[in-house]
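Q: Single-letter residue listing:
2 protein chains.
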Amino acid sequence: MGSLTTDHGVIETPIFMPVGTLGTVKGVSQDRLKDPIFAQIILGNTYHLYLRPGTEVIQDSGGLHGFMNWDRPILTDSGGYQIFSLSDIRTLDEEGAHFKSHLDGSKHLFTPENVVDIQRILGSDIMMILDECPPYPSDYAYAKNSMELTHRWAKRGRKQFLETQTLYGHRQFQFGIVQGGTYKDLRIASAEFMAEQNFEGIAIGGLSVGEPIPLLYEMTEVNTDVLPKEKARYLMGVGTPANLLESIARGVDMFDCVMPTRNARNGTIFTREGKVNLRNSKWKNHHAPLDPDFPSDLCQKYQMSYVHHLLKSNELFGMTLASEHNLQFYLWLMKEVREHIKNDTFASWYPHMVTQLESKF
Amino acid sequence: MGSLTTDHGVIETPIFMPVGTLGTVKGVSQDRLKDPIFAQIILGNTYHLYLRPGTEVIQDSGGLHGFMNWDRPILTDSGGYQIFSLSDIRTLDEEGAHFKSHLDGSKHLFTPENVVDIQRILGSDIMMILDECPPYPSDYAYAKNSMELTHRWAKRGRKQFLETQTLYGHRQFQFGIVQGGTYKDLRIASAEFMAEQNFEGIAIGGLSVGEPIPLLYEMTEVNTDVLPKEKARYLMGVGTPANLLESIARGVDMFDCVMPTRNARNGTIFTREGKVNLRNSKWKNHHAPLDPDFPSDLCQKYQMSYVHHLLKSNELFGMTLASEHNLQFYLWLMKEVREHIKNDTFASWYPHMVTQLESKF
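For the protein sequence lines, the chains are F and V, in the order given. Numbers in this note's numbering are just positions in the first sequence, counted from 1, shifted up by 409. Numbers in this note's numbering are just positions in the second sequence, counted from 1, shifted up by 409.
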């Protein structure tokens, strides 16, 4: 258990960061993120915000904090992942990533330097370097070349970071990103490289892209064994509640994932007893709240018959109830983890919790 | 200014009732309806709730109050209007309205008696009789025949109401509905008929269906001139803030309309200075809140550039912010009206307010 101090507040780790793609965590207000969700830091997506509303609007709004009226920490990614997952046409060269907008087909270029500049404008407390995220599976030669490109970009990105300044008076951190596909020697080399660059924290990238879960855990551990323990270690894009516990056991401090909010909108929530499909007809005549002992509105205030009805009818309030519940659950789980770490009971507690989390209602 | 006392609380009139079609006011939580919107009563749609989740689920949930976890008054319509506006195939005879569900094509029959039974199960504080709502324009013969059918149905509905009881221990009221198209003599005859039936309140139906606004006001006044002043007079499906003021000047006590929430989801809000299209590009670079003197989150907490961005990006939070704002504005306006009535300044105040409400930002 540790902490990371930013000019917008202290982040206690291990922590989960709700994803606010376009300057809003889908279906959830900033007020609710503070209470009852107790989010300590949220994530914004550089690719999305750069295209909509654009950096000019955000700069004139006082950065992403001013734009969203959010005074707690924000982490922004570099956009690299979205270029590869969302834009149809993109080419990669030494200079950077050329891509067409998924919205209007307009042409853009992200370089290791300009993603620093863009994140200076966004004003995030933690910015990420531009990386290439290779698909799974990738052959060794591809993974190695890709990793080496990410390393060259990392040096350029760090240089740009050190030569530029924050625009709004608060301090910004820059995190490196480890790549290397699913090859141990590449993962070790990449972690050693990133550890040498003097970033304020380091992310493990390129995982949770379709590889089997045991391989995700194995590669994570290969990385955390090498990465310096005094710096925050952030596993990008992971995952289920059980994935989080297993990764924390392997040394990870920070997570982000769209799963809690995206699944919620589709009617799936996470609970202490596993995943629950709210659209399942078993809830149609269940006239009691789900779990009066869990402090979310969904669990306490409404009969399951009502929640089921809202989700089946695609009502906005159903999506909000489920999204708030899932985020509240993820943040509650991280708090439990921190307490168990503090009391030195994490190692004995978490395997039981993983079993429980992977059962079904 | 008056009041209507139900077992779920007192309703101060004039009042606007937010529409909760499927057991939820779209995009707004029950908690927010109470504060900061200060809704005193909400509306549920019998047609929609009968089809989804169905009366069995709602009865087992303890009625609509239990199902929604809403302890303030509820009014339910009779489903008549939805049958004519939503279901593709419907035939009308003396018995009732035969219709096919707009969801799955299944066949159903609403009669003056069974809409009472259904609303007993919903457990609304105020239920409405089954009526036929003729389209605009309708010729005199059609409007007269339709009105006479509604009158015969009204007698059957009242009889059923008096012969049945509430299922949940709280008192229910039944309101009649005046019809008569846009013909003065029919409107007068229908109002006189409904006034004689001893309903607890009377609605003006069949308006706001496409007729010119001056005709809406004229027919409303023809009705309120006849209807007993000691009973609540409810103008169904109306309307803009200016429509409300003009109708209150003509004696109306209660209103419902989907306009504040539906328009909000499309990006239009109502303010003291008129309608505002939040999707208009003029807001893209407007880096200040809209109106720090109006106590909605949309007006106070967020720059217009942010609200514009949310609505343009179809973000759920944008729809919620705008829906909450519009309802808060409608309920604020009704409170202003009640204070002006109390201070005997309504007649001099409202024409200026109407002018202001019909201007544009």
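Hints should not be assumed to be uniformly reliable.
[To be verified] Straight-line distance between alpha carbons at most 27 Å, and here's what the computed DSS-like set of lysine-lysine pairs gives: (1) V/Lys-553 to V/Lys-435; (2) F/Lys-564 to F/Lys-638; (3) V/Lys-721 to F/Lys-435; (4) F/Lys-744 to F/Lys-721; (5) F/Lys-693 to V/Lys-435; (6) F/Lys-509 to V/Lys-553.
Because the hints were derived from the structure by calculation, they are not lab data.
Q: Next step is simple, just say for each hint if it's right about the structure.
A: Here is what the structure says about each hint:
1. V/Lys-553 to V/Lys-435: Distance of about 36 Å is beyond 27 Å: violated.
2. F/Lys-564 to F/Lys-638: Since the Cα atoms of F/Lys-564 and F/Lys-638 sit roughly 22 Å apart, the hinted pair holds (cutoff 27 Å).
3. V/Lys-721 to F/Lys-435: At roughly 14 Å apart (the allowed maximum being 27 Å), F/Lys-435 and V/Lys-721 satisfy the hint.
4. F/Lys-744 to F/Lys-721: violated (32 Å)
5. F/Lys-693 to V/Lys-435: Answer holds: F/Lys-693 to V/Lys-435 is near 20 Å, not above 27 Å.
6. F/Lys-509 to V/Lys-553: Given that 27 Å is the threshold and the Cα spacing comes to 63 Å, the pair is violated.
Checked against the numbered hints given earlier, this structure breaks hints 1, 4 and 6; the rest are met.
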